[in-house]
Every structure is written in structure tokens, then in C-alpha cells.
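Modelling step: build the complete structure from the supplied sequences, incorporating the hints.
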Amino acid sequence: MATTKPRLSSFSRNLSAVSSSQTPGVKCGPNGTMFVSSGIADLDKILGGGFPLGSLVMVMEDAEAPHHMLLLRNFMSQGLVHGQPLLYASPSKDPRGFLGTLPSPASLKHDKSRDRESEQEKGLRIAWQYKKYMGENQPNFDSHRDNKQDYCNEFDLRKPLERHYFTRQRVNCVGIQDSKNLAALQEHCASFLAQHQRNDGSCALAGRIAIQSLCAPQCEHSNMDWEMLSFIKSLKGMVRSSNAVVVITFPPSLLSLSSTKRWQHMADTLLSVAAIPDEDKELAKLLSGYQDMVGLLNVHKVARLNTQVPFILEATTFSIKLQKRRFLVLECLNQAPVDGSSGSSYGTSGSCSGSSKAGTLDF
Amino acid sequence: MADTICRTLRDGGLEGEHAPALTIKDSKASPFGFDVFNYVLTQLSNYILAGKSQSRGLVVVAYSRSPSFYVDLLKRRGIDIASSHDWIHILDCYTDPLGWKNWLIDKDISQEASSLSSFCQDVRNLDKLYSLIIEQGKGLIGQGKDRFSIAIDSVSEMVRHASISSVAGILSNLRSHDQVSSIFWLLHSDLHEIKFTSVLEYLSSMVASVEPFNQAAFGQRVDLENLSMLEQNFRKGKFHVRFKRRNGRVRVMVISMFLYFCGECADLLYRKSSYIYFTPLLV
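First to last, the sequence lines map onto chains V and C. The first sequence begins at 4 in my numbering and counts up one residue at a time. The second sequence begins at 210 in my numbering and counts up one residue at a time.
Hints were generated in silico from the structure; no laboratory data involved. Just so we're clear, the structure is a prediction, and the values are computed from it rather than from any experiment. You may find that some hints are simply not true.
As the list claims (entries may be wrong) - Listed next, the in silico DSS-like pairs over lysine-lysine satisfying Cα-Cα at most 30 Å (straight line): (1) C:K404 - V:K304; (2) C:K237 - C:K354; (3) C:K447 - V:K284; (4) C:K404 - V:K264; (5) V:K162 - C:K354; (6) C:K404 - V:K236; (7) C:K337 - V:K183; (8) V:K96 - C:K404; (9) C:K445 - V:K284; (10) C:K404 - V:K183; (11) C:K337 - V:K96.
As the list claims (entries may be wrong) - Facing chain V, from chain C, some residues (calculated, C-beta under 7 Å): (12) Q320; (13) S374; (14) A377; (15) G378; (16) Y411; (17) K453; (18) R454; (19) G457; (20) R460.
Even glycine gets a Cβ: it sits at the ideal position worked out from N, Cα and C.
Here's what the structure looks like:
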């Protein structure tokens with residue numbers, strides 16, 4: 004069933020990064036878990052493969068920036084491109100209208116030319132004796148690109164997703180503003196997840212649930228703290244035994260501190276997005292690449308199913324950049340060179356975690 | 210620089226985007242929110258009259274002042290009231306918000322004001338208020354793809370009669386309506402729990418807060434030493450604005466603000482004629 008990946012060099016890790024030939028868009032991970040892509044290649048790498056099936060992902064919004072929408076859009080588009088059923092709930096009056104803003108996968112031609120450019124640039128930086136290894140990688144890379152069913156596509160945020168992706172398959176959109184409580188949404192989620200029950204390890208088709216701004220103030224349930232918490236708890240229980248991933252975004256500034264903590268505990272994977280100030284000279288001096296950044300992404304928790312071993316990240320804060328205003332990339336924060344005489348450079352910015360600190364944990 | 214806010218409201222929203230929304234926030238330490246509201250109102254009215262704005266009409270939802278106040282305000286600022294029927298309308302939620310009067314005394318409101326306003330006699334029903342606002346707005350701009358702006362006198366008054374979620378609902382529905390170009394409202398932040406202020410900041414794209422010039426002076430006993438500082442707080446203030454820009458970044462501006470009283474009217478409780486002007490903050 005599983006095909007072995009051709010070894011590129013003697014230094015490659017033997018992680019089974021193999022796509023299951025039967026199910027598009029799902030790949031096997033360690034400890035019997037299966038992953039689906041988040042739609043952002045960098046995020047998949049950071050999280051060790053993607054979002055595990057059966058997990059609950061929560062994204063904490065920043066009231067001052069809509070970056071959580073970028074994450075949601077890529078997540079939903081990836082599911083639709085792979086033909087995975089989708090349930091989307093939002094507090095807006097017309098949730099279906101949001102589907103029109105989903106990005107389309109970047110055209111293949113563009114991908115190839117971009118890769119060649121970036122490979123050439125990399126070639127300039129790599130010392131001459133390693134060029135022969137880079138040459139070996141090239142043919143494998145191209146053959147991967149030809150495969151339409153990539154595990155993770157690159158999405159062009161300026162190109163809307165073609166309509167046939169969401170008209171021909173099961174996409175359910177639910178509005179949560181007008182209902183008195185969360186019972187209706189719970190019904191929808193329960194019936195959706197019942198179709199994706201996990202039976203003896205085989206995976207028919209993965210499902211995705213995306214709930215935007217669960218505690219949005221215009222919803223009547225937004226002041227029912229315990230009801231919202233019970234909803235999340237029951238949803239988590241249902242998704243655990245199914246082949247689906249649930250992504251919930253919420254603005255923590257609108258919840259009480261104790262509620263926020265409880266919601267954070269519920270999450271298997273916890274991310275947060277943050278806005279950055281505009282035209283901030285201090286920040287521009289501190290971080291390189293400030294001009295291209297639109298926001299920050301923090302990874303607070305990474306899902307670890309079927310294992311007790313924690314996942315240690317080299318860095319927890321990443322900058323969100325839009326390359327050519329179309330492609331979402333996440334980059335590690337790079338501090339601009341700091342004057343060595345001022346002492347420890349890691350004390351200057353709380354948001355950057357130096358990779359050498361993780362080095363002390365290596366064993 | 211405060212004109213940046215007015216220009217953002219003037220330019221309105223793009224197709225398919227929510228309308229820009231401004232929250233003007235003040236507190237008892239620096240109670241000039243209403244003056245700022247009037248300033249923004251007059252600026253926007255000037256833009257609409259000059260035809261420079263995306264919106265072609267303005268609906269004022271008046272909770273804390275009667276329509277005659279607004280008519281006088283616009284007259285004092287040199288705006289022509291006689292031809293105002295086609296671009297401004299005032300929804301009177303001040304005279305009889307709960308429908309207690311069986312008849313409404315016409316002499317409460319001047320002739321001019323009554324021609325520009327209509328009554329809302331049940332402010333508890335926000336769905337009805339929403340339809341009234343949209344109806345009045347459409348009445349101003351007619352058929353077609355034009356848009357109108359909305360000014361809400363005081364969201365603090367609105368939430369006295371309705372729940373937070375219904376106020377949040379009506380504001381977000383107004384913002385997402387196709388024909389609304391921009392919307393702004395006033396909030397007295399110390400009248401509410403922090404949650405309500407956070408909700409409004411979440412819903413708006415610009416937050417302008419009026420803060421005291423001398424933060425330390427407020428709350429202390431009135432002594433001879435700090436009397437002058439306290440007095441300063443009633444003539445000057447700091448204007449702190451946070452813009453949520455389209456690219457996802459936040460722009461922060463702080464400028465200082467002066468309140469100027471004209472002539473006889475030094476009554477702080479009901480400033481009949483006060484002007485406000487902004488200068489860059491000299492630190």
C-alpha cells in the first residue's frame with residue numbers, strides 16, 4: 004500500500020512523507036496518524052506534516068487584523084481542490100458568499116518558472132561543491148510538480164477558485180448569527196462528522212469543518228460562556244473518532260480571561276495571529292524584511308495524537324508575508340544584526356526565540 | 210491629521226468590502242467625544258455637499274440630542290439647511306424613544322428640524338430601527354448604486370435599551386449593507402464594561418480615543434498645585450487613533466486637540482457653541 008520514497012541523499016530522514024495512493028490529500032504520519040494539509044506549505048512543515056485527522060485546531064484572532072481569514076481561506080481551498088467535503092460556519096449574513104473569495108491553486112507554468120528562479124538563486128549561495136547534489140534534486144522535483152494531486156498546493160490569493168469546485172461537491176454553509184443558541188450548529192457538525200466515521204484504520208475521504216469567529220459579538224450565543232464551551236467539548240469528542248479536521252477561529256479579546264484559557268486548553272493545535280504596526284521605525288530596525296510583513300503567526304501548541312512525546316519547535320513566532328501580493332509564506336523572524344557589546348541579543352525582542360536555545364534541548 | 214479619519218469615511222468602502230466604521234471613544238477624564246463627533250459630522254457633511262464623497266446622503270440616528278440641535282449645529286458651521294432635504298435625514302430617538310407620549314408636541318422641535326427628521330418610538334426593537342435607517346437612507350439616495358453614510362449619536366444610549374449582541378448585530382449588518390458607504394458612532398467608555406468597548410473596537414475599522422492631556426492629574430484631589438493641570442484637561446486633550454489598514458497592519462496616530470469656547474457660553478455641561486481643532490502633538 005505504501006510506496007517508499009526515493010532517497011535523495013544519504014542525509015535525508017526516513018519520515019514517511021508518502022501520500023496514500025487511495026486517498027488524495029491525506030498522508031500518513033508517525034504514530035498511526037494521518038495528516039491533511041493546511042493549504043500553506045510552510046505551516047505544514049512547521050507543524051510536522053499538517054493537521055492530523057481527528058484533531059481540533061484553534062486560531063486566536065487579532066481584533067485589529069483579518070489574518071485568520073487568510074489561514075481559513077487556504078484551509079478551505081485545499082480541501083475543495085482535493086475533493087474533501089467541507090462544512091463552513093460563519094456569523095455573516097451570507098456565508099456562501101465567502102466561497103467566492105477562496106484562492107485558486109497557482110498555475111503550473113508559474114510554479115515551474117518560480118522554482119527555477121529560486122533554485123538558481125540558491126545555486127549562487129551554495130558553495131560550488133554542493134552544486135552536484137542540487138542537480139540531483141531537480142528531476143525529482145519536477146516530476147512531483149506534474150502530479151495534480153499535490154498534498155499541498157500553492158494558492159494564488161488574487162485568483163478566485165473556480166466555481167466547479169464548490170458547486171459539484173458537498174459544501175455546506177451555515178450562518179450562526181441568527182440562531183438563538185448553538186444547537187443548530189451542533190446538529191450540522193454531528194451529521195457531517197457521522198459521514199466520516201473512522202472504521203478500522205481505513206480512510207474513505209477526509210472531511211473539513213471551518214468555523215469562523217465562533218464567539219462573534221453579533222451572535223446571541225456569544226454571552227453564553229458555558230454553552231460555547233460545551234459545544235467545543237462535544238465537537239472535540241466527535242471529531243476524535245472521525246476522519247476530519249475542525250478549525251475554529253475566535254477573538255480572545257471578546258471572551259473573559261478564564262474562558263479564553265479554557266478554550267485554549269480544548270485545542271489540540273493552537274495558533275494565533277497578530278497585527279503589526281504600520282510605519283514603525285523601531286520594528287523596521289529590529290527585524291529584517293519588515294516591509295514585506297503583513298502580520299505575525301504564533302504557534303502555541305502542536306497536536307500530538309497517539310503519543311506522549313512533545314513536539315519541540317525551533318521557533319514559535321513567524322512572520323506572515325505575501326510574496327508578490329499573491330502567495331502566503333511564513334518565515335522565521337530574523338533579527339537584524341545587534342551590537343554585540345550590549346549583551347545578550349535575545350533579550351531585546353520578546354517575540355523572537357533564538358534557535359540556539361532549542362539547541363540546549365537536543366539530545 | 211484628524212482629517213485622515215474624515216477622508217477615510219469620505220472615501221468609503223470598496224465593492225464587496227465592509228464599510229469603514231469609526232468608534233469615537235471618550236471618558237469622564239476627557240469628555241470631548243461629542244465635540245469630536247460634531248467635528249466629524251460637519252466635515253462629512255461638507256464633503257457630501259461638495260460632491261467629493263462616495264456617499265450622497267447622511268442619516269443621523271440621534272439619541273442624545275434633539276434634531277434641532279443638529280440643525281443649529283449645521284447652520285452655525287455655514288451649511289445650507291434650506292436645501293438639505295435631499296442629503297440629510299435625522300432619526301429622532303431622543304424625543305420619545307419608548308413611545309410614552311400619545312401625541313408629540315410639535316413645538317418641541319422647530320419647523321426646520323421636523324421637516325428633516327422622523328420619529329423612532331421604539332428603540333428597543335433594533336430590527337425595526339435597522340429597517341428605518343435603511344429606508345431613510347434609500348429615500349435620500351434614490352434608486353441606483355449610490356450609497357449613504359450613517360452617524361449614530363451615541364451607542365452608549367443604544368445599549369441602554371437593547372442587549373450587546375443585538376447592538377453588535379445591527380452595527381455589523383449596517384456595515385455589511387451594500388449601500389452603506391461609511392458609519393461612525395460615539396461611545397462613552399467608562400459607562401460600560403470592558404467587554405462592550407472591546408466588542409465595538411472589534412467591529413470598527415478605526416478607533417479614535419480622546420484622552421486627557423495630563424494623565425496623572427486626573428483622579429487626584431483638587432489642590433492648588435494640580436489645579437492648573439486639571440484645568441488644562443478641560444481645554445486640551447490627546448487624540449489617539451488606531452487605523453486598521455487594508456493590508457492588515459495597524460497605523461497609530463497621536464495628536465493633541467484643543468477645545469475653544471466662543472464668547473459667553475462657558476457652561477461645560479452644555480456647550481452650545483464650542484469649536485475643536487487639532488494640532489500635531491509637540492512633545
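Each hint tested on the structure:
1. A hinted pair counts as satisfied when its Cα atoms are at most 30 Å apart, and K404 of chain C with K304 of chain V qualifies at roughly 27 Å.
2. Among the hinted pairs, K237 of chain C with K354 of chain C is inconsistent with the structure: their alpha-carbon atoms are about 42 Å apart, more than 30 Å.
3. In summary, the hint linking K447 of chain C to K284 of chain V is supported, as the alpha carbons are separated by about 22 Å, within the 30 Å threshold.
4. As the CA atoms of K404 of chain C and K264 of chain V are separated by approximately 16 Å, the hinted pair is consistent with the 30 Å bound.
5. For the suggested pair K162 of chain V and K354 of chain C, the alpha carbons sit about 26 Å apart, so the restraint of at most 30 Å is met.
6. With a CA separation close to 24 Å, the supplied pair K404 of chain C and K236 of chain V stays within the 30 Å bound.
7. Distance restraint check for K337 of chain C and K183 of chain V: the Cα-Cα separation of roughly 19 Å lies within the 30 Å cut-off, and the hinted pair is therefore satisfied.
8. Taking the CA atoms of K96 of chain V and K404 of chain C, the gap is near 23 Å; set against the 30 Å cutoff, the hint holds.
9. With a CA separation close to 28 Å, the supplied pair K445 of chain C and K284 of chain V stays within the 30 Å bound.
10. Taking the CA atoms of K404 of chain C and K183 of chain V, the gap is near 20 Å; set against the 30 Å cutoff, the hint holds.
11. Distance check on the hinted pair: K337 of chain C and K96 of chain V sit about 17 Å apart at the alpha-carbon level, within 30 Å; holds.
12. The beta carbon of Q320 of chain C comes no nearer than 39 Å to any beta carbon in chain V, farther than 7 Å, and the hint placing it at the interface is violated.
13. Taking 7 Å as the C-beta contact cut-off toward chain V, the hint placing S374 of chain C at the interface holds, the least distance being around 5 Å.
14. Because the closest C-beta pair between A377 of chain C and chain V is about 4 Å apart, less than 7 Å, the hint holds.
15. Taken as an interface hint, G378 of chain C checks out: its beta carbon lies about 4 Å from the nearest beta carbon of chain V, inside 7 Å.
16. A least Cβ separation of about 4 Å between Y411 of chain C and chain V falls short of the 7 Å threshold, and the interface hint therefore holds.
17. At its closest, the beta carbon of K453 of chain C sits 5 Å from a beta carbon of chain V; the interface hint therefore holds under the 7 Å criterion.
18. For R454 of chain C, the suggested interface contact is upheld, since its CB lies about 6 Å from the closest CB of chain V, less than 7 Å.
19. At a threshold of 7 Å, the smallest CB-CB gap from G457 of chain C to chain V is about 4 Å, leaving the interface hint in force.
20. Because the beta carbon of R460 of chain C sits about 4 Å from the nearest beta carbon in chain V, less than 7 Å, this interface hint is met.
Against the hints set out earlier in the document, violations occur for numbers 2, 12.
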